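The hints should help you fit chain B onto chain A, whose structure is shown.
2 protein chains.
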Amino acid sequence: MQLQSYLEERRGLVEDALDRFIPRTDEPPERLHESIRYSVLAPGKRIRAILVIAGAEAVGGQGRLVLPTACALECIHAFSLIHDDLPCMDDDDFRRGRPTNHKVFGEAMAMLAGDALLALAFELIADNAQTAPDDRVVPVMKLISRAAGTAGMVGGQVTDILSEGKEITADELQAIHTRKTAELIRASVLSGAMLSGASGRELAAMEMYGRGVGLAFQIADDILDVVGDEARIGKPVGSDARQDKVTYPRLFGLKESERRAGEEVERAIQAIASLGTAAEPLREIARYIVERDS
Amino acid sequence: MQLQSYLEERRGLVEDALDRFIPRTDEPPERLHESIRYSVLAPGKRIRAILVIAGAEAVGGQGRLVLPTACALECIHAFSLIHDDLPCMDDDDFRRGRPTNHKVFGEAMAMLAGDALLALAFELIADNAQTAPDDRVVPVMKLISRAAGTAGMVGGQVTDILSEGKEITADELQAIHTRKTAELIRASVLSGAMLSGASGRELAAMEMYGRGVGLAFQIADDILDVVGDEARIGKPVGSDARQDKVTYPRLFGLKESERRAGEEVERAIQAIASLGTAAEPLREIARYIVERDS
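So the protein lines, in turn, are chains A and B.
Going by our numbering, the letters in the first sequence line up with residues 2 to 295, in that order.
Going by our numbering, the letters in the second sequence line up with residues 2 to 295, in that order.
Pulled out of the complex, with its shape left as it was, chain A reads as follows:
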């Protein structure tokens, strides 16, 4: 299969849907909606949304029926980036070559835009009940809210901050990565499958796939922070090191980090071996996640 055209097409679907689902800038409060759109509609890989779609397709579902949840994951991702960049957090002025949200709209507006995006995400998940049964939507809400909260992304962010400047073990680093990034990646692929009526066996396979890909994704991010081209990833390379954050390359070196990311990807691909050709995009995406250059 042609991964690039697959990603291209799904990304187009997602971005059209985001544009429809997110409040317009001619509706009040206009400035808030500008701030929200500035971040959510900024160029991005849409990897979480595409995983929702690919998760649906892998079990015989249709991508367009899970678009609201796919967009919800992008809203949660955008919310986390806006809040991470704030002065009280990483204090970043640029993201992917553009000024960060608070540099353009001010701190108060940026924080509120993030808050609004998190609320909007759950509105979109509720809206997915228009194309999926209620008894599938409710468990997806549960899954995604947990993946975003103290057991997931926000919890991982806290542990990451508290570990700055400290010695931590490989297990502790993996626990941070799992919460901070992997849980939401796992929730993406699982929610697409759940909304499409996946069987218990299929969900178990997706679960393992999601864990492996999620962890590989964060290791790859750590590696890109060391070796990435500044222009490509749009923030100063090595910024994690300057902030004294523990990363995979710092703990294991580059080579061993790459080996571990590759191992997670292989494990993810094996987990969905039984799913047949419909899961081919998921396999390609797993490989892409460690090979991407931004």
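Among these hints, one or two may not hold up.
Subject to a maximum C-alpha distance of 20 Å in a straight line, what follows is the list of computed SDA-like cross-link-like pairs (lysine to any residue) [claimed, not checked]: (1) K143(A) with G201(A); (2) K104(B) with I162(A); (3) K143(B) with D136(A); (4) K46(A) with S295(A); (5) K143(B) with R137(A); (6) K143(B) with G201(A); (7) K104(A) with C89(B); (8) K46(B) with D222(B); (9) K104(B) with A109(A); (10) K104(B) with M90(A); (11) K143(A) with K167(B); (12) K143(A) with R21(B); (13) K167(B) with E31(A); (14) K167(B) with M209(A); (15) K246(A) with A109(B); (16) K246(B) with P29(A); (17) K143(B) with A18(A); (18) K246(B) with I162(B); (19) K104(B) with D128(A); (20) K143(B) with D128(A); (21) K143(B) with D135(A); (22) K143(A) with P134(B); (23) K167(B) with R32(A); (24) K46(B) with F95(B); (25) K246(A) with E108(B); (26) K143(A) with T132(B); (27) K104(A) with L163(B); (28) K167(A) with E31(B); (29) K143(A) with F22(B); (30) K246(B) with R32(A); (31) K46(A) with R99(A); (32) K143(B) with R147(A); (33) K143(A) with K143(B); (34) K167(A) with P29(B); (35) K143(B) with R21(A); (36) K143(A) with D135(B); (37) K104(A) with K143(A); (38) K104(B) with E108(A).
Since the hints were made in silico from the structure, they are not lab data.
Note that the structure is a prediction, hence the values are computed from the model and not measured.
For chain B alone, kept in the frame of chain A given last:
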């Protein structure tokens, strides 16, 4: 009926449930859970949670079956207070006589505690599917996410900030109040009724009740900011005026503000006239909202 003992008993139910539903401080990340508990379990009236319960009871439902959603509303309320108090927003050092969350836990942790509380709220709503049908939980998720987001609380907060120091009309002030406070109050009473299987006629009555009480609640807050006893409300009296915020008393004077709040309460009580004795707590709560002294 004895309103005080009614409020007392329901508040006890809510606070026990909050203590059960909110992650413990011996689970990681411990510091985040301390920060969350510091704010959510701080003394409070629990008016939103009690309105969920009273909304359920008014249509023949049971309070204990809607407790997760009642607690979700308290989580959203606590999230909004933590974020409002941050330096980039109102920059308040005290709330109800205690240091604000960021004064104790630092800005980053306070912001993340707020974020986690919003995610937890949606997890709790999803959990309410254990005691209510999925096809009632999904619309409640939609209602509450909208009431919290750009069409509700966060949107009202933005408009409030942007209007500081400007002349605004009575209609604009009402629009701010409706979004900032009334929408979530309305969502509280409606969600209790929806989860309990209220009829269309009952929901229409609750809708009107919620709007009236929500608006009266915010007007009463504005009035308390002028006339309240500093020790009672726990922040410097007149702090809204110092921040150059437009309030009801500033726009209409105290007497006219009190008259308007009373009018909204009467409208709310009339809206639920047909609901019989089961709605008596809602009527008493409506009166209490404008008569309270904190």
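Going through the hints against the structure:
no.	hint	in the structure
1	K143(A) with G201(A)	holds, 17 Å
2	K104(B) with I162(A)	holds, 18 Å
3	K143(B) with D136(A)	holds, 15 Å
4	K46(A) with S295(A)	holds, 9 Å
5	K143(B) with R137(A)	holds, 15 Å
6	K143(B) with G201(A)	violated, 28 Å
7	K104(A) with C89(B)	holds, 13 Å
8	K46(B) with D222(B)	holds, 13 Å
9	K104(B) with A109(A)	holds, 18 Å
10	K104(B) with M90(A)	holds, 16 Å
11	K143(A) with K167(B)	violated, 42 Å
12	K143(A) with R21(B)	holds, 17 Å
13	K167(B) with E31(A)	holds, 17 Å
14	K167(B) with M209(A)	violated, 55 Å
15	K246(A) with A109(B)	holds, 16 Å
16	K246(B) with P29(A)	holds, 19 Å
17	K143(B) with A18(A)	holds, 18 Å
18	K246(B) with I162(B)	holds, 8 Å
19	K104(B) with D128(A)	violated, 38 Å
20	K143(B) with D128(A)	holds, 7 Å
21	K143(B) with D135(A)	holds, 12 Å
22	K143(A) with P134(B)	holds, 15 Å
23	K167(B) with R32(A)	holds, 16 Å
24	K46(B) with F95(B)	holds, 17 Å
25	K246(A) with E108(B)	holds, 19 Å
26	K143(A) with T132(B)	holds, 15 Å
27	K104(A) with L163(B)	holds, 17 Å
28	K167(A) with E31(B)	holds, 17 Å
29	K143(A) with F22(B)	holds, 14 Å
30	K246(B) with R32(A)	holds, 19 Å
31	K46(A) with R99(A)	holds, 16 Å
32	K143(B) with R147(A)	holds, 18 Å
33	K143(A) with K143(B)	holds, 14 Å
34	K167(A) with P29(B)	holds, 17 Å
35	K143(B) with R21(A)	holds, 17 Å
36	K143(A) with D135(B)	holds, 12 Å
37	K104(A) with K143(A)	violated, 34 Å
38	K104(B) with E108(A)	holds, 18 Å
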